[in-house]
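Model the full structure from these sequences, guided by the hints.
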Amino acid sequence: FGSSLCPAFYLCHSPSSFAKMVASTTTVLAVLLGSLAAAPASASGLLRVPVARLDARDLQPQAVQMLLGVAASLGVVPKRGRSQDVLLKNNVNMGYYGEIRVGTPGQSLAVVFDTGSSDLWVPTKQGSAGKPFYASGNSSTHETVATPFQISYGSGDVTGLVCRDTLSIGELQLTNFTFAEVDSTSGLHNWGTMPFDGVLGLGFPALSRSPGLSVMQALVQSGELEKPVFGFYLARDMPGELVFGGVDPAHVAGEFTWLDVMREAWWTVALDAVKLGSILSVSATPMAIVDSGTSMLAGPEMEVKAIMAMIGADTLQGLYVIGCAAELPSLTFTLGGKDFSLSTQDLVIERVGDMCVLGIQSIDMGEPMWILGDVFMRKYYVQFDWGQKRLGFALAASGNNLV
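Using our numbering, the letters of the sequence shown correspond one by one to residues 6 to 408.
A portion of the hints provided could be inaccurate.
What the hints assert, rightly or not - SDA-like cross-link-like pairs, simulated, lysine to any residue; straight-line CA separation at most 20 Å:
id: 1; residue 1: K394; residue 2: K310
id: 2; residue 1: K232; residue 2: W263
id: 3; residue 1: K136; residue 2: D188
id: 4; residue 1: K384; residue 2: G371
id: 5; residue 1: K280; residue 2: G228
id: 6; residue 1: K136; residue 2: G111
id: 7; residue 1: K280; residue 2: Q322
id: 8; residue 1: K343; residue 2: L285
id: 9; residue 1: K310; residue 2: A331
id: 10; residue 1: K280; residue 2: H194
id: 11; residue 1: K394; residue 2: I284
id: 12; residue 1: K343; residue 2: I284
id: 13; residue 1: K394; residue 2: G228
id: 14; residue 1: K232; residue 2: T262
id: 15; residue 1: K136; residue 2: G197
id: 16; residue 1: K343; residue 2: E260
id: 17; residue 1: K310; residue 2: K343
id: 18; residue 1: K232; residue 2: Q388
id: 19; residue 1: K343; residue 2: P291
id: 20; residue 1: K310; residue 2: L321
id: 21; residue 1: K130; residue 2: V167
id: 22; residue 1: K384; residue 2: A255
id: 23; residue 1: K343; residue 2: A278
id: 24; residue 1: K130; residue 2: R169
id: 25; residue 1: K280; residue 2: S367
id: 26; residue 1: K384; residue 2: D344
id: 27; residue 1: K280; residue 2: A258
id: 28; residue 1: K232; residue 2: K130
id: 29; residue 1: K130; residue 2: E176
id: 30; residue 1: K232; residue 2: F261
id: 31; residue 1: K384; residue 2: L281
id: 32; residue 1: K130; residue 2: H194
id: 33; residue 1: K280; residue 2: A399
id: 34; residue 1: K280; residue 2: K232
id: 35; residue 1: K232; residue 2: P216
id: 36; residue 1: K280; residue 2: T339
id: 37; residue 1: K394; residue 2: G197
id: 38; residue 1: K310; residue 2: L333
id: 39; residue 1: K280; residue 2: R268
id: 40; residue 1: K343; residue 2: K232
Please keep in mind that the hints were generated in silico from the structure rather than gathered at the bench.
Quick look at the structure:
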């Protein structure tokens, strides 16, 4: 996280009849862990946790787009030994979140699993806006630290105090884990409409705003993980999966291409090129960040505008739209010398009548880079190798392979 941000948890353009149509016709991808009984571990050591489906019609129209840790920490301003499986579901194909348990006995709270930040924070009753919250007084293992905690967003701050308690993700458990209990979320626009309660960061410790270990640091040091990795499968319009301690081969359709992390803060890799079609290069930006907390693809304003102009896209209420009958060239990101292409179908996040909304936006930031958010991660399985500080990319298997 960091300084100013168009708040990560809301649609960054003003609500309108068009936005309402988008919100009302989309499906919400939800990750719900602790409230449902976990299935027994399989022979492969993967523990699967079932989840329930959440319909986007239950949300307010503003609750469409997410820009989480990376965007916040860069001051982005939109221009409009064991494995643990966490099953994910899809909301507008725009956000992925799930349940953890905090305290003793465990209190279930929904959090966004965000590779662009490093802290865990959950709300107290005062900061919950009427949603589920962490009641420290009900936990026999709560310890007060009282160190101030603050994250700044474009519309205000999220503040609270640091504490320690037991954290459970499925059957993985961390005792005396340090996190923040937030008592002020008033700075988050439309916070009360959001279907999740807090954020669990999966970035590197350099991004941390609180003392203590990050979740991945603590899991690796605990020896509970089979391997020091986690993998995301973000399915489109169907369940997805986050695996701690390994990857699920059923969701991988090809060999991994590996790239070393450029900076041990965000999950940043070298970007060789961005191409429209097979030969036209439209970017000289040298790096990309893979961020599960960002709904769309996001890139430098001039480059995004050029791409949109080339394909004939229009803007409507801050979104890029095209006629659904249009035949577009693929948008390709070259990473580690290999092309990772996105078709028109991959880029479209919603259809409203004859118009199709594209999952791409332009952003202002201090240095040129692309953010490869959920639009990219739905097409390609991403393995985050914490131990070797590298990222692996492979074509994700299509179809519903979850059990």
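Cross-check of the supplied hints:
For the hint pairing K394 with K310, the CA-to-CA distance comes to about 33 Å; that exceeds 20 Å, so the pair is violated. Simply put, K232 and W263 have alpha-carbon atoms about 16 Å apart, close enough for the 20 Å limit, and the pair holds. Only pairs whose Cα atoms come within 20 Å are accepted, and K136 paired with D188 is accepted, the gap being roughly 13 Å. As the CA atoms of K384 and G371 are separated by approximately 28 Å, the hinted pair breaks the 20 Å bound.
This hinted pair does not check out: K280 and G228 have alpha carbons roughly 42 Å apart, beyond 20 Å. A distance of roughly 17 Å separates the Cα atoms of K136 and G111; the hinted pair therefore holds under the 20 Å criterion. In summary, the hint linking K280 to Q322 is not supported, as the alpha carbons are separated by about 26 Å, beyond the 20 Å threshold. Proximity of K343 to L285 is assessed by CA-CA distance (about 16 Å); at most 20 Å being required, the pair is judged to hold.
Between the alpha carbons of K310 and A331 the distance comes to roughly 18 Å, so the proposed pair stays at or under 20 Å and holds. For the hint linking K280 to H194, the alpha-carbon distance of about 35 Å lies beyond 20 Å, and the restraint is violated. For the given pair, K394 sits about 31 Å from I284 by alpha-carbon distance, which is inconsistent with the 20 Å threshold. Restraint check: the Cα-Cα separation between K343 and I284 comes to about 14 Å, which is no more than 20 Å; the hinted pair holds.
Taking the CA atoms of K394 and G228, the gap is near 18 Å; set against the 20 Å cutoff, the hint holds. A threshold of 20 Å between alpha carbons decides the hint, and for K232 with T262 the separation of about 18 Å falls inside it, so the pair holds. A threshold of 20 Å between alpha carbons decides the hint, and for K136 with G197 the separation of about 7 Å falls inside it, so the pair holds. With a CA separation close to 12 Å, the supplied pair K343 and E260 stays within the 20 Å bound.
The hinted pair formed by K310 and K343 fails the criterion: a straight-line CA distance of about 25 Å is larger than 20 Å. In summary, the hint linking K232 to Q388 is supported, as the alpha carbons are separated by about 12 Å, within the 20 Å threshold. The hinted pair formed by K343 and P291 meets the criterion: a straight-line CA distance of about 15 Å does not exceed 20 Å. As the CA atoms of K310 and L321 are separated by approximately 14 Å, the hinted pair is consistent with the 20 Å bound.
This hinted pair checks out: K130 and V167 have alpha carbons roughly 15 Å apart, not beyond 20 Å. With a CA separation close to 15 Å, the supplied pair K384 and A255 stays within the 20 Å bound. Note on K343 and A278: the hinted pairing holds, with a Cα-Cα distance of about 10 Å set against a maximum of 20 Å. Taking the CA atoms of K130 and R169, the gap is about 17 Å. The hint holds against a cut of 20 Å.
At roughly 16 Å between alpha-carbon atoms, K280 and S367 fall within 20 Å of each other, so this suggested pair holds. Taken as a hint, the K384 and D344 pair is honoured in the structure, with Cα atoms around 13 Å apart against an allowance of 20 Å. At most 20 Å may separate the alpha-carbon atoms for a hinted pair to count; K280 and A258 exceed this at roughly 23 Å. Between K232 and K130, the direct Cα distance comes to roughly 36 Å. Violation of the 20 Å bound is thereby established for this hinted pair.
About 26 Å separates the Cα atoms of K130 and E176, which puts this hinted pair outside 20 Å; it is violated. Simply put, K232 and F261 have alpha-carbon atoms about 16 Å apart, close enough for the 20 Å limit, and the pair holds. A C-alpha spacing of about 17 Å is found between K384 and L281, which places the hinted pair at or below 20 Å, so the restraint holds. Restraint check for K130 and H194: the C-alpha separation of about 18 Å stays at or below 20 Å, so the hint holds.
Between K280 and A399 the alpha-carbon distance is near 19 Å, which keeps this suggested pair within the 20 Å criterion. Restraint check for K280 and K232: not satisfied, since their Cα atoms lie roughly 35 Å apart, outside the 20 Å limit. With a C-alpha separation of about 25 Å, the suggested pairing of K232 with P216 is violated against the 20 Å cut-off. The straight-line distance between the Cα atoms of K280 and T339 is roughly 8 Å, inside the 20 Å bound, and the hint therefore holds.
Between K394 and G197 the CA atoms are separated by roughly 37 Å; this puts the pair beyond 20 Å, and the hint is violated. Using a Cα cut-off of 20 Å, the hinted pair K310 and L333 holds, with the two alpha carbons roughly 15 Å apart. Annotation: proposed proximity of K280 to R268 is violated, straight-line Cα distance about 24 Å (limit 20 Å). A hinted pair counts as satisfied when its Cα atoms are at most 20 Å apart, and K343 with K232 does not qualify at roughly 26 Å.
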